[in-house]
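Asks: Just so you know, the sequences run in chain order A and B. Here the first sequence is numbered in the working numbering, starting from 1208 and rising by one per residue. Here the second sequence is numbered in the working numbering, starting from 8 and rising by one per residue.
Certain hints may be false.
Residues from chain A that keep clear of chain B, each with C-beta distances beyond 10 Å, as calculated [what the hints assert, rightly or not]: (1) 1230; (2) 1275; (3) 1395.
Below are the BS3-like pairs computed for lysine-lysine, each with C-alpha atoms no more than 27 Å apart in a straight line [as the list claims (entries may be wrong)]: (4) A/1470 / A/1275; (5) A/1470 / B/188; (6) B/186 / A/1470; (7) A/1269 / A/1470; (8) B/186 / A/1275; (9) B/114 / B/60; (10) B/62 / B/114.
Simulated from the structure, these hints should not be mistaken for lab results. A virtual CB, placed ideally from N, CA and C, is assigned to each residue, including glycine.
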Amino acid sequence: MTDIVRENAVPPAAAKRGATPTQRMLQIAFARSDFRIGLIGFGLLVGLAIFLPLVSSIDPVKIAYSSKLLPPFPAEGWKWPYLLGTDQLGRDVLMRCLVGLRYSLLIGVTTVVLMFIVGCSLGLYAGFRGGWADAVIMRLTDAQLSIPMIILAITILGVSRPTVPAIILVLGLSGWPLYARVARSVALGERNRGYVLGERVLGASDLRIMLLFVAPVVLPPIAFVAVLDIARMMIFESILGFLGLGVQPPTPTFGNVIADARKYLLNAWWIATMPGLFMLVSLTCLNLMGSALERARNAVLRGEA
Amino acid sequence: MFVLSFLLRRLLQGSLIILLVTFIIFTLLRVVPGDPARLIVGGMAPDEVVAMKAKELGLDRPIPVQFVSYLGTLATGDLGTSFVRPKSGASLGGAAFDDQTREERAKVLDLILATLPMTLQLAMVALVIALLVAVPLGTAGGLYPGRWPDKLALALGSLCVSTPNFWLGIVLTLFLSVKLKFLPAIGYRGFSYTILPAIVLAVEIVPFILRTLTVSVAQVMREEFIQLAPIRGLSRSRTIFSHALGNSAIPLINLLGVQLGMLLGGVLVIEFIFDYPGLGLLTINAVLQRDFPLIQGIAIFISVMFVAINILVDLIAMTIDPRLEY
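Please take these sequences and the hints and turn them into a complete structure.
Replies: Below is the structure:
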């Protein structure tokens, strides 16, 4: 009885035969307005960050005292260069924000990809093999929850030279256990499913089954939710930058620009405020997308679509 | 009996974790560049003085030997002595090696215990603010999924989680403290200095409570025993308050254990911005000054706290829901 009701309740578009859970998840997400707002906003900002520094003649690190401390949104109307004002050394604030967003994205995305690969491989292996491998890997993730990773991270970066690969490694080190846990719990559920047993009967090795058949089913929903983690890592990157443990000046990142601008807060509020607002807007867009995807995944998991 | 065996097992696991942390941080600080002996006696000291200090501290021995002897002193509850901080508190890292005014160095444990209450105070005030905002909204969001309380909770959560804490701290200081003279911000001279940092920390906690609570309340409300409550003649408010909320609290308590690490990160940065004299500021200064014994001590101390809190969290969850097993 409930089955019939459920089947009738599914809108025709989502009920297409053969739609994978991932496709259904995307369909639900796209139907939400918060997802679309996030996608458009984030797409615009990222597009700007990638292309504007390529075509513009403004150098984000070149010092020009003649144009220092210009306020944002000039009164004489919208003027293209210096739309968001200039800093204490005459550098364009907007351009520095865009370059900051580039570094933030580069570090955030690479870190999450790294955590995803390491965490999911370990988690899949643990869940699929069970036994000793499972016990060891899961105890490792438990241990990591009790290790103050942030102290390790700032210690490592504080005593060595913070380069982009070092930052990515340190951040990635802290996040993999969550992925391992999720991947493991899903792999546990798949282990005794018909298609896996069938492959076993056909003589496929564990590795082959995991990579070719289990991974494509369980990983995509986790990957979409990783969008939320990209935003988290971007914030971490900016915190490191703020403490002077991130990418070093003169390369502008959100963190080091804001730390630098603190001294000028009273007479030039925009140098510190604008990069923060810029971050706030781009991260909100990213988080809207991420949480819409997460809700869509939960709906699919509950079998509502 | 079950609780005893649970405690024993978790305490054993915890000790292993703490040993692991100690080993990692100890090795890390020994392999990085920078000579602690030179750091203590000052940059201008002759090489013989540096070598003497190294011998005195046992820094000339192989790392495994140093580690074992460190564990030995650790077992007696001694976390060692700071490299640069004298007992009076002022940092003297740069003073000359033969300066007679240099005092005896402070004990690491004393430094930690002196700053811990400040951080706990900050964390408590922040938690209260966050719960006051997030529990009503999160519960409402879970009771009316897809309607405006749910949407408001989602929007507020997304906004809060996207706000860089250091930036918010700076902007709030500028507007509330400098321009409006509403609240004091920098340093600490009384309780009112806790409020602004606590608000910034609360902004960081709110989204986690909101997200977990909305999901778990919505989930509990779909369960059979809640769906059947009207048939038993229970009013809706009775159902919500005495049956749904308690069950929804379990994921929230578990979350606390999982998110401790993130919260610690927030505390570090926020104390740094507001120059708030807590454990976080002590940690950052220790890293910036390369005060190795202090960094080591703080890392070990905090992982002990993490282990303890995680055990406590599981105990509380078991008390609320006796079906849970760990």
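Asks: Decide, hint by hint, whether the structure agrees.
Replies: Status of the hints after comparison with the structure:
With 10 Å as the threshold on Cβ separation, the claim that residue 1230 of chain A sits away from chain B holds: the shortest Cβ distance comes to roughly 22 Å. A cut-off of 10 Å between C-beta atoms confirms that residue 1275 of chain A is not in contact with chain B; the least separation is 20 Å. Residue 1395 of chain A, annotated as away from the interface, keeps every beta carbon of chain B farther than 10 Å; the closest lies near 17 Å. Our distance criterion of 27 Å between C-alpha atoms is met by residue 1470 of chain A and residue 1275 of chain A, whose separation comes to about 15 Å.
Straight-line distance between C-alpha atoms of residue 1470 of chain A and residue 188 of chain B comes to about 19 Å, which keeps the hinted pair within the 27 Å bound. A threshold of 27 Å between alpha carbons decides the hint, and for residue 186 of chain B with residue 1470 of chain A the separation of about 16 Å falls inside it, so the pair holds. At most 27 Å may separate the alpha-carbon atoms for a hinted pair to count; residue 1269 of chain A and residue 1470 of chain A meet this at roughly 20 Å. Restraint check: the Cα-Cα separation between residue 186 of chain B and residue 1275 of chain A comes to about 24 Å, which is no more than 27 Å; the hinted pair holds.
Of the pairs offered as hints, the one joining residue 114 of chain B and residue 60 of chain B holds, with about 18 Å between alpha carbons and a cut-off of 27 Å not exceeded. Between residue 62 of chain B and residue 114 of chain B, the direct Cα distance comes to roughly 20 Å. Compliance with the 27 Å bound is thereby established for this hinted pair.
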